[in-house]
Every structure is written in structure tokens, then in C-alpha cells.
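In order, the protein sequence lines correspond to chains A and B. The first sequence begins at 1 in the working numbering and counts up by one. The second sequence begins at 1 in the working numbering and counts up by one.
Treat the hints as calculated values from the structure; they're not laboratory data. One thing to keep in mind: the hints can contain errors.
[What the hints assert, rightly or not] Restraint-style ranges between C-beta atoms, simulated for each label pair:
(1) 69/B x 101/A: 41 to 49 Å
(2) 99/A x 58/B: 49 to 57 Å
(3) 68/B x 71/A: 17 to 25 Å
(4) 58/B x 27/A: 33 to 41 Å
(5) 10/B x 74/A: 16 to 24 Å
(6) 96/A x 21/B: 43 to 51 Å
(7) 13/B x 88/A: 43 to 51 Å
(8) 3/A x 145/B: 24 to 32 Å
(9) 75/A x 159/B: 40 to 48 Å
(10) 83/A x 133/B: 35 to 43 Å
(11) 132/B x 40/A: 30 to 38 Å
All values derive from a computational prediction rather than experimental measurement. C-beta atoms are modelled at their ideal positions from N, C-alpha and C, and glycine is treated no differently.
Each chain, written out:
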Amino acid sequence: MKAQRLHALAEAYGADLRRWPASERAFAESLIAADPSLKAVLDEAAALDALLDAAPAPAPSAALVAKVLAAAPKARRPRLHLDRIALYMGAGWAAAACAGVVAGVGLTSELTANERADAVLYQSSLTGVDDTEVLR
Amino acid sequence: MVAIIDPDEDLVRRVGQGDPAAAQALVARKLPRILALAQRMLGDAVEAEDVAQETMFKAWKQAPRWTPGQARFDTWLHRVALNLCYDRLRRRREIPTQTPPDRPDEGPAPDRGLMAAETGLRVGQALSRLPDRQREAVVLCHYQELSNIEAAALMEISVEALESLLSRGRRALRQSLSDLAPRAPAAALRGEAR
Chain A
1 MKAQRLHALA EAYGADLRRW PASERAFAES LIAADPSLKA VLDEAAALDA
51 LLDAAPAPAP SAALVAKVLA AAPKARRPRL HLDRIALYMG AGWAAAACAG
101 VVAGVGLTSE LTANERADAV LYQSSLTGVD DTEVLR
Chain B
1 MVAIIDPDED LVRRVGQGDP AAAQALVARK LPRILALAQR MLGDAVEAED
51 VAQETMFKAW KQAPRWTPGQ ARFDTWLHRV ALNLCYDRLR RRREIPTQTP
101 PDRPDEGPAP DRGLMAAETG LRVGQALSRL PDRQREAVVL CHYQELSNIE
151 AAALMEISVE ALESLLSRGR RALRQSLSDL APRAPAAALR GEAR
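Let the hints inform the model, and build the full structure from the sequences given.
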């Protein structure tokens, strides 16, 4: 049963135990240590591994590397946001205009209140004379 | 949830910040890997270059918003490349006139012996004749050296199903290359590609 599992694993993952599931490596090593004839199972798998490794991996061309690098993300430079500056300036002007209106209205009502009070006092003084005359 | 240790995490963060040295390092680390994956999946040098380029472009877009700890960047990159490969394989099936080349173009190889070059070509042909899923399993586990868990997750199958695909794929390869094994010289058969 154990030898069968060794066969199955070698058939799937080849002879290099680094490619095997980590949990099975110790099992394979102990099994082969106990029965060295089972090493033939790995040797058979190693022949196919060697053939597969004979197919070289292509190296990326310089043109491909350059094209890929040219598209890499660039560090962001602090940008001058003219639109935001214009927005903030506009908001500032609007706030100043509002403050001006509020101040103007306040001052005007203050001034007219004094004037109105004077006028009332004047009128009352005038009518006061008339009343005294009437009372007399 | 188990935290994922990603060896590319720092590099990806720096790429996202626009560090040109990090971009160069990531290209040196990943582009050959993704190109090899695409070449072996598609068996066509030009298409493989297109896929590798598109994958790296997607990596550039992803880097600034990459969230560490959710997945390994390498696994994500493989997923993107495999999706692009499958798009092309599907298109080939839909347009039967555009069949994949029988012999993958591997470019000039002046330092390789004739026998090794021939063996490499034969292996490439045998790989391209495998059913897509078997080829994917062999490429991910043997050439890309992903763990069985990573490969199974990428292929959205169980580890048992992956082992079955690997066994069938390797058996078919052994059969296709049976004439090479006895006469292949050790030098030609030793790991040039890894």
C-alpha cells in the first residue's frame, strides 16, 4: 500500500522531492530508507524529469523588457491644481462679499436707528411744547 | 485566517509608489517566469510575448492598489497569465484555421548541442499535444515549481484532481518521448531550463 502511494506520487510529481507535497516528503524518504529497491521508482520518474528539463525556457527579448518597463508606474510629482486654486479663490471672494453685505446691513441699521431715535425725540419735544401749552 | 507570506510584497509596494528600481527588479524576477509559462501553454513565441507583456501591464495597474496578505502576488500573476493563455487557446478552437504551430520557435541557441536542441523541440511538441488541463498541471508543477496546493488553487480543482491530471500528463509525455529516453545524453537531459 505504501509502495503504491510512493509510485502514485512519483508518477504525479516526478523524482525531485522538493516538488512533492511537503507532508509526503518524509514518508518517501523513510520508505526508501527502509527498502532501497524502491529508489528505482524515483529513478524512473527522474528520466522523464530530465527530458522535461531539456526543453529550455525562452528568455525575454530586450525589446520586450524595454516595452514592459516603459509602462511601469511612475512616481507622482506634486502637481499644481489650478482648478482647485481657482475654486478656493472664488470661495474666498464670495465669503468676503457676504461679510461686506452683512457688515453694511448692520452698520446701516445702526445708523438709521440713531437717526430714528433723534427724530422721535425731536418730534416728542415738539409735541411736548404743544401739550404744555394745551395744559396751560 | 492564515496570514500569507509573500516574498514579493515589498517589491510590489515599491512598484506601486513608482520606484523604477523596484519595477526593474520585478521585471527581472517575473517576466522570464511568465514568458516561460505562456510559451509552454501556447507553444508560440509571439503569442507568449504578447501574453507576458499584457500580464506585466496588468501587474503595473494592480501594484498601486495591491492589498498584501490576501494572496501571493506571484499566484495572482499566474492567474492573469493563465486566463490570457486560455483566451487565446479558446480563440484557436473557435477559428480552426489558426492552429498553433507544430514546432514552438525557441529562438537561436548557439550554445546548445544539436541533440539537446532536438530534445527540447521534441519535448515542446509533446507538451503542446497534451490536453490543455494536463499541460497546465505539468507546467505549473514541474516548470513553474508551484506547490500542489498553489497549483490546485490556481486551476480551481482539488489536490487529488491535480495529481490525476499530473499522472496522466506525465504518462502521455513519457509515451511520446519514449524513443528519446534511452539515447538522450546526460548533458542534454540535465536541467538547462530550471
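(message) If you test the structure against every hint from before, which numbers come out violated?
(response) Going through the list in order, the structure violates hints 1, 7 and 10 and respects the others.
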